[in-house]
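A.B. asks: Letter by letter, the chains look like this.
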Amino acid sequence: MKVDKEEILHIAKLACLNIKEDEIEAYRKNLQDILNFANILDNVKTEDVSETITSTSNVNVFREDEIKEFKEKELLLQNAPEKDSGMFSIPKVIQ
Amino acid sequence: MELYELTVHELIEKLDKKEITPEEIMKSYSKRIEEKEPEIAAFVTRTDKEAIESAKNVNREKSKFAGIPIGIKDNMCTKGVKTTCSSKMLENFISPYDATVIEKLNDEGIISLGKLNMDEFAMGASTEYSAFKITKNPWNLSTVPGGSSGGSAAAVASQMVPWALGSDTGGSIRQPAALCGIVGLKPTYGLVSRYGLVAFASSFDQIGPITQDVEDCAILLNLITGHDEKDSTSINTPKKDYTKSLVKDVKGLKIGVPKEFLGEGINEEVKEKVLEAIEEYKRKGAIVEECSLDIANEALAVYYIIACAEASSNLGRFDGIRYGYRTKNFENLKDIYKNSRSEGFGAEVKRRIILGTYVLSSGYYDAYYKKAQKVRTILKQEFAKLFEKYDFLITPTSPSVAYEIGTKSTNPLEMYLADLCTVSVNIAGLPGMSIPCGVDKNGMPIGMQLIGKPFDEETLIRAAYTYEQEVKFRENHKPTFRKAGA
Numbered sequence: 008m009k010v011d012k013e014e015i016l017h018i019a020k021l022a023c024l025n026i027k028e029d030e031i032e033a034y035r036k037n038l039q040d041i042l043n044f045a046n047i048l049d050n051v052k053t054e055d056v057s058e059t060i061t062s063t064s065n066v067n068v069f070r071e072d073e074i075k076e077f078k079e080k081e082l083l084l085q086n087a088p089e090k091d092s093g094m095f096s097i098p099k100v101i102q
Numbered sequence: 022m023e024l025y026e027l028t029v030h031e032l033i034e035k036l037d038k039k040e041i042t043p044e045e046i047m048k049s050y051s052k053r054i055e056e057k058e059p060e061i062a063a064f065v066t067r068t069d070k071e072a073i074e075s076a077k078n079v080n081r082e083k084s085k086f087a088g089i090p091i092g093i094k095d096n097m098c099t100k101g102v103k104t105t106c107s108s109k110m111l112e113n114f115i116s117p118y119d120a121t122v123i124e125k126l127n128d129e130g131i132i133s134l135g136k137l138n139m140d141e142f143a144m145g146a147s148t149e150y151s152a153f154k155i156t157k158n159p160w161n162l163s164t165v166p167g168g169s170s171g172g173s174a175a176a177v178a179s180q181m182v183p184w185a186l187g188s189d190t191g192g193s194i195r196q197p198a199a200l201c202g203i204v205g206l207k208p209t210y211g212l213v214s215r216y217g218l219v220a221f222a223s224s225f226d227q228i229g230p231i232t233q234d235v236e237d238c239a240i241l242l243n244l245i246t247g248h249d250e251k252d253s254t255s256i257n258t259p260k261k262d263y264t265k266s267l268v269k270d271v272k273g274l275k276i277g278v279p280k281e282f283l284g285e286g287i288n289e290e291v292k293e294k295v296l297e298a299i300e301e302y303k304r305k306g307a308i309v310e311e312c313s314l315d316i317a318n319e320a321l322a323v324y325y326i327i328a329c330a331e332a333s334s335n336l337g338r339f340d341g342i343r344y345g346y347r348t349k350n351f352e353n354l355k356d357i358y359k360n361s362r363s364e365g366f367g368a369e370v371k372r373r374i375i376l377g378t379y380v381l382s383s384g385y386y387d388a389y390y391k392k393a394q395k396v397r398t399i400l401k402q403e404f405a406k407l408f409e410k411y412d413f414l415i416t417p418t419s420p421s422v423a424y425e426i427g428t429k430s431t432n433p434l435e436m437y438l439a440d441l442c443t444v445s446v447n448i449a450g451l452p453g454m455s456i457p458c459g460v461d462k463n464g465m466p467i468g469m470q471l472i473g474k475p476f477d478e479e480t481l482i483r484a485a486y487t488y489e490q491e492v493k494f495r496e497n498h499k500p501t502f503r504k505a506g507a
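Keeping their order, the protein sequence lines are chains H and W. FYI, in my numbering the residues of the first sequence are 8 to 102. FYI, in my numbering the residues of the second sequence are 22 to 507.
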């Protein structure tokens, strides 16, 4: 696949990242290099092969849905970039 | 002899005989850190002063490990002490809980000397991608320690900590262990709980020991394994005592040597030392055969596609709202997300998020991500076939010895080639171990990798121990702390 500038901007938008005008080419070239390198996979026949998504044999791991109270609210809030009255604070979303 | 020169099993022996106290141990390491940290730069957060205080109240009745120090890679959550992942994004993050492995160490009375440097979010092979500092290799201060657990490996090799925990997604325990002349083990996927390990690629990540010798490796593995209901990928298998595998005997063991890892791209001196080690195994009565892992070269592409896809998803949580870096430059909520991520993540992390997002995006999902998952199946099958015939495999750990700082960090693709020998082990979820097998003409350490069957860490430890006891690398080679030049 050939990657162009618009593609990089689209992907950056999906990934919620800003890419500055003067960085676009570096990101584009890097992605292109890796995709070119990944073309090696075209040589592998995979018609009747199923996908592996994980290395364990675990399927549907269940446990009791028990409530465990977390009593150290202040430890969570100490990491908040902004907080107010025991809550996380964000800018107004409804204009 | 200073206490910091000892291995953990030697420290325990002296503690048991009441020849030393935990407080003396901590003071010895604190002094060593004071002396070596300025040139090595392995720590993100030092807690050695706190460790000396904690050591005063150690209850040796409770556990034989009580009062033993350790170093922790800075991507494992430690309650009350910063966990930064060497990223600006988490520069001031203090976890409200302990990772399961940390809980296990705490239960034994093991005391942390600090949090160790790494490539940002574990993405890298040299620790140069840390947002805070560049860690140096104790064998030559102008070279990299490897990565991403480079701080852990350099701290152990320079004896600022007796042992450490690292994490390994594509070689991040084994490769720095090789470059720093020490022992590193990536356990089978699911053997050690990942709860509280900041996720990079969830289907590859695994925590493991970085130690000075094989005996310490077995001891630390004993301490961190076990089923954990907080990690749904953790496997419920009976607990083993890996120190029982510290046996000096490989007679009759069948070893496969995949030729793909001794060909192009592998440094000649590395090749030579690994082949010499294989001869040693033959002399000890092991049966060695050349074999083939046909898909070895494709593994690197599979690795980067899947690891980056998983990373792009895992790193979606960093949005500047509940924890982590928040931009000062915003007008609305969308700005907070975008600007916090763009300012908080370093260049390599962003490159991988871009690649991961691309291979998961509509139109490319089948061609890259799905294809890689299928080739992953084939790789697993090829390994399974080899293990019908062989007890374990031997390869080099890294294609080269430690290289000069700054020589590869500007070319990401070249940096990725450092993972050539190690990634396939993560893709298949197998255990892999690196032990030192010699030095090159400049005195830089070379590591060999032992790859085992799923949940057969015992054979790896037995084989590593046999070789170590015979060759005695640690007695014959020591880091020189020389500055620059070869």
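In case anyone wonders, no lab produced these hints; they're calculated from the structure. Quantities reported herein were computed from a predicted structural model and do not represent experimental measurements. Quick reminder that beta carbons are idealized off the backbone N, C-alpha and C, glycines included. Possibly wrong hints are sitting among the right ones.
What the hints assert, rightly or not - A few chain W residues that don't get close to chain H, going by computed Cβ distances all over 12 angstroms:
no., residue
1, R67
2, I73
3, K280
4, K391
5, K429
To be verified - As a list, the in silico DSBU-like pairs of lysine-lysine whose alpha-carbon atoms are at most 35 angstroms apart:
no., chain 1, residue 1, chain 2, residue 2
6, W, K275, W, K499
7, H, K80, W, K109
8, W, K401, W, K83
9, W, K275, H, K90
10, W, K499, H, K9
11, H, K90, W, K103
Unchecked claim - Covered stretches of chain W, as calculated for chain H (at least 3 residues, CB under 8 angstroms):
no., stretch
12, 286-297
13, 393-402
A.B. asks: A separate judgement is required for each hint: does it hold in the structure or not?
C.D. replies: Structure-based check of all given hints:
no.	hint	verdict
1	R67	21 angstroms, holds
2	I73	25 angstroms, holds
3	K280	18 angstroms, holds
4	K391	6 angstroms, violated
5	K429	14 angstroms, holds
6	W:K275 / W:K499	32 angstroms, holds
7	H:K80 / W:K109	24 angstroms, holds
8	W:K401 / W:K83	43 angstroms, violated
9	W:K275 / H:K90	61 angstroms, violated
10	W:K499 / H:K9	49 angstroms, violated
11	H:K90 / W:K103	20 angstroms, holds
12	286-297	violated (count 0)
13	393-402	holds (count 8)
Violated hints for the displayed structure, listed by number in ascending order: 4, 8, 9, 10, 12.
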